[in-house]
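Dock chain B against the given chain A, drawing on the hints supplied.
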Amino acid sequence: MVDTAVRPTPAAGPRHTASRGRPGRRKEAIAGYVFLSPWLLGLLGITLLPMLYSLYLSFTDYDLLQDPEWVGLENYERMFTGDPQFWNSVGATLLFAVTSVPLKLAVALGVALLLYRNRRGVGLYRSLYYVPSLLGGSVAIAIVWQTLFGGQGAINGVLAVFGIPGRAWIADPSFALGTLVILAAWQFGAPMVIFLAGLKQIPTEMFEAAALDGAGRLKQFLHVTLPLLSPVLFFNVVLETIAGFQGFTAAFVISGGTGGPADSTLLYTVYLYLRGFGDFQMGYASAMAWVFLIALGIITAFVFRSGSLWVHYADDGDR
Amino acid sequence: MAILGRRGSARSLRTVLAGAAALTVLATAACGGGGSRASDQEAGGPPEREQPVQLEVTWWGGPARAELTQKVLDLYTQKHPNVTFTTQWQGYSGYYDKVNTTAAGRNAADIIQIDNRVLREYSSKGLLAELDPWVGNTLQVDGIDEKLLGTGRVDGKLYAVPLAANTQALHYDKTVLERIGMLPPENGWATWEEFGTWAAQVTTATGNAPWAMRDESANISLFEYWLRQNGKELYDGQKPGFTAEDVTAWFELWDGLRKSGAASPQEVAQPANAGDISKNTVVTKNTALTFSYDNQLTEVDKSTDHEVGLVPIPGPRSGAYARPSQFFTAYTGGDNIATAVDVINFFVSDPEAGAILGTERGLPPNKQVRDVVSPNFDDQLKYVLDYDEKVVAEAGPTPPVPAQGDSQLGRLLQASAENVGFGRQSPADGAAEFVTQAAGELERAAS
Numbered sequence: 001m002v003d004t005a006v007r008p009t010p011a012a013g014p015r016h017t018a019s020r021g022r023p024g025r026r027k028e029a030i031a032g033y034v035f036l037s038p039w040l041l042g043l044l045g046i047t048l049l050p051m052l053y054s055l056y057l058s059f060t061d062y063d064l065l066q067d068p069e070w071v072g073l074e075n076y077e078r079m080f081t082g083d084p085q086f087w088n089s090v091g092a093t094l095l096f097a098v099t100s101v102p103l104k105l106a107v108a109l110g111v112a113l114l115l116y117r118n119r120r121g122v123g124l125y126r127s128l129y130y131v132p133s134l135l136g137g138s139v140a141i142a143i144v145w146q147t148l149f150g151g152q153g154a155i156n157g158v159l160a161v162f163g164i165p166g167r168a169w170i171a172d173p174s175f176a177l178g179t180l181v182i183l184a185a186w187q188f189g190a191p192m193v194i195f196l197a198g199l200k201q202i203p204t205e206m207f208e209a210a211a212l213d214g215a216g217r218l219k220q221f222l223h224v225t226l227p228l229l230s231p232v233l234f235f236n237v238v239l240e241t242i243a244g245f246q247g248f249t250a251a252f253v254i255s256g257g258t259g260g261p262a263d264s265t266l267l268y269t270v271y272l273y274l275r276g277f278g279d280f281q282m283g284y285a286s287a288m289a290w291v292f293l294i295a296l297g298i299i300t301a302f303v304f305r306s307g308s309l310w311v312h313y314a315d316d317g318d319r
Numbered sequence: 001m002a003i004l005g006r007r008g009s010a011r012s013l014r015t016v017l018a019g020a021a022a023l024t025v026l027a028t029a030a031c032g033g034g035g036s037r038a039s040d041q042e043a044g045g046p047p048e049r050e051q052p053v054q055l056e057v058t059w060w061g062g063p064a065r066a067e068l069t070q071k072v073l074d075l076y077t078q079k080h081p082n083v084t085f086t087t088q089w090q091g092y093s094g095y096y097d098k099v100n101t102t103a104a105g106r107n108a109a110d111i112i113q114i115d116n117r118v119l120r121e122y123s124s125k126g127l128l129a130e131l132d133p134w135v136g137n138t139l140q141v142d143g144i145d146e147k148l149l150g151t152g153r154v155d156g157k158l159y160a161v162p163l164a165a166n167t168q169a170l171h172y173d174k175t176v177l178e179r180i181g182m183l184p185p186e187n188g189w190a191t192w193e194e195f196g197t198w199a200a201q202v203t204t205a206t207g208n209a210p211w212a213m214r215d216e217s218a219n220i221s222l223f224e225y226w227l228r229q230n231g232k233e234l235y236d237g238q239k240p241g242f243t244a245e246d247v248t249a250w251f252e253l254w255d256g257l258r259k260s261g262a263a264s265p266q267e268v269a270q271p272a273n274a275g276d277i278s279k280n281t282v283v284t285k286n287t288a289l290t291f292s293y294d295n296q297l298t299e300v301d302k303s304t305d306h307e308v309g310l311v312p313i314p315g316p317r318s319g320a321y322a323r324p325s326q327f328f329t330a331y332t333g334g335d336n337i338a339t340a341v342d343v344i345n346f347f348v349s350d351p352e353a354g355a356i357l358g359t360e361r362g363l364p365p366n367k368q369v370r371d372v373v374s375p376n377f378d379d380q381l382k383y384v385l386d387y388d389e390k391v392v393a394e395a396g397p398t399p400p401v402p403a404q405g406d407s408q409l410g411r412l413l414q415a416s417a418e419n420v421g422f423g424r425q426s427p428a429d430g431a432a433e434f435v436t437q438a439a440g441e442l443e444r445a446a447s
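So the protein sequences, as listed, match chains A and B.
UniProt numbering numbers the first residue of the first sequence as 1 and each following residue consecutively.
UniProt numbering numbers the first residue of the second sequence as 1 and each following residue consecutively.
Next up, chain A with everything else stripped away, as it sits in the complex (with noise of 0.2 Å):
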């Protein structure tokens, strides 16, 4: 699976348009699209022509059980004019993507760079500190995290040792995005193996050669390892940012669907499924799904375009 996931394309190009126009080549193609074809009617179906009806009832008042009604841009103006909740929840979503995000890459980085020398049994370790990936997207996780920090949950148990008061963490608006945040953080299996292929790849001998010239274990991982490995950080920033910004699951399960206390888990996604399924506002909720697809392909380019300032490619050859 780590193989498959880092191996590099091989290159496809040329021999390909070279052969274009021949007879037999075209036969091939059809073949191609033949077996291509079940993916291309899911695509189609299932992808895109809800995408675009749901472009559509973005422009109307649409309840679910009576036909849209067509209302324009209102749903957009009533968004960014009219409605604070709205705004409310793009704060908690960024707060949650910029605070949840560097933390479980930092976990990941951290757990990977202690398991990726061999040592003994430390396949058993990969596998266990990859199960809660395993487990992590779950409802049922969701609720025993409700349970660890609830007011008389493990979390306060293990704090009463020390003599530390604990409190209802989930509970207080101050604190419950930050379990969520912990939360995701905890899940960082998936961004930790493949920065464990990654290591894998820098070739030992920089190691050496830096050692030689006086580098001590933290100049070798800012000079050696952060560099070579910023192909594969560069990828799982990219992934995350984008996991980060559609949490859901957790913050919906663990303030009971309500994006409480005080909104302050009340994240974009946990507001869209608010205003559609709860309050029938299925136009509005699409004008929402539209705006979060935007901007999400906004902010996936900004950090593309960052990466050309701190991602190094070692065959583009030193810059």
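Hint data in this document are derived by calculation from the structure and do not stem from the laboratory.
The beta-carbon is built from N, C-alpha and C at its ideal position, and this holds for glycine as well.
Heads up, a few of these hints could be off.
Derived CB-CB ranges, DEER-like [as the list claims (entries may be wrong)]: (1) Ser278(B) to Trp70(A): 41 to 47 Å; (2) Lys239(B) to Tyr56(A): 30 to 36 Å; (3) Ser127(A) to Gln88(B): 54 to 60 Å; (4) Asp155(B) to Ala295(A): 40 to 46 Å; (5) Val303(A) to Gly150(B): 58 to 64 Å.
Here is chain B on its own, set in the frame of chain A:
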């Protein structure tokens, strides 16, 4: 070391993005068609007796309710073997999301339990079958008090049959209050001030474990009760029936109760704000009292090893009203509406069914049934019945069916009350924000 070439990652990212986008949008766009099957059924027709019919029934509630409801459904199947049931039940929080989602897929349950908070919304959106054509034949409503039955009408048309009636009450933990020698006065407290003093003493006596009462400023049902005590209503048609000053006074009332120790801090109260009975603070033993409804004594008593009692809410009884605790409604797209109506009728008019249901959902709405089954009630059910009759005798008029957008109003009050309770906003600021947003949402919901 090209672990991921730039182009490669750009392309895979595009796929990821497309997938991500699809998921978000799918969530909102999955709302396909599928025609209503009701059109080929005759309104007011007889229930199906020959062909097999399977009906889905959905409700919110705890295990006790599930057990009793299942027993009644089994009894119906026993009498009409062609009719069988599938059931779905869950806690209150998230219940309507589920109903809305299934309704969106034109696949809602045949018989849906609702409360008055969504009645206007559901009926105006064509989700609920109009029941008048069956009244007098399949549906017998003569025994139901006209005021109670009226709560199931919207614009003069009957959409919902009250399954039971209840009224507002405080539940108290008798075991704890007996231990500290502070059982509440049987008829409650004449004023909120009097209650506040008493409750602060309870908290002192127990040393905060438990608190006397939880901070219930986020509870829109108790807010409504308090408004009614002050001669107002929650709604004035499709507008809020209260002003920012009212809400400020409400938040300040709770601010005072929190400061005196009569009410818990909001952090103890917050988990219960979503309204799930499993988070009820008497059940979790965080408080000695909590707002509830008299019929819920059955469920609460079952969920805790302490003894639980009922006491009226402080202040004048004009806040109380005989409340349709739940309705049964028939889905317009159901498999067989006539049979669904017959099942609903069975729940409210059949003495055997009434004997099984007891007061778990509330008092039997049908007086004939009530008279037949109440002599056989156990002590707890008789206690609930006595409480209800005592309070309802002095209760105020039944309020009109709530405005559309009621669920948003509840959510907004909760957010503002939590902001105020945690000291993030002053009572006046929280109130002003709530009233402005509430008015906007209600106006929008009606358009």
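Hints, one by one, checked against the model:
Separation of Ser278(B) from Trp70(A) is about 44 Å and conforms to the stated range, judged on CB atoms against 41 to 47 Å. The beta-carbon spacing between Lys239(B) and Tyr56(A), approximately 32 Å, falls within the hinted interval of 30 to 36 Å. The hinted range of 54 to 60 Å is not satisfied by Ser127(A) and Gln88(B), whose Cβ atoms lie roughly 38 Å apart. Remark: the range hint 40 to 46 Å for Asp155(B) to Ala295(A) is upheld by a beta-carbon distance near 42 Å.
Range check, Val303(A) to Gly150(B): about 60 Å between beta-carbon atoms, so the 58 to 64 Å window is met.
In terms of the numbered hints stated before, the structure departs from hint 3 and from no other.
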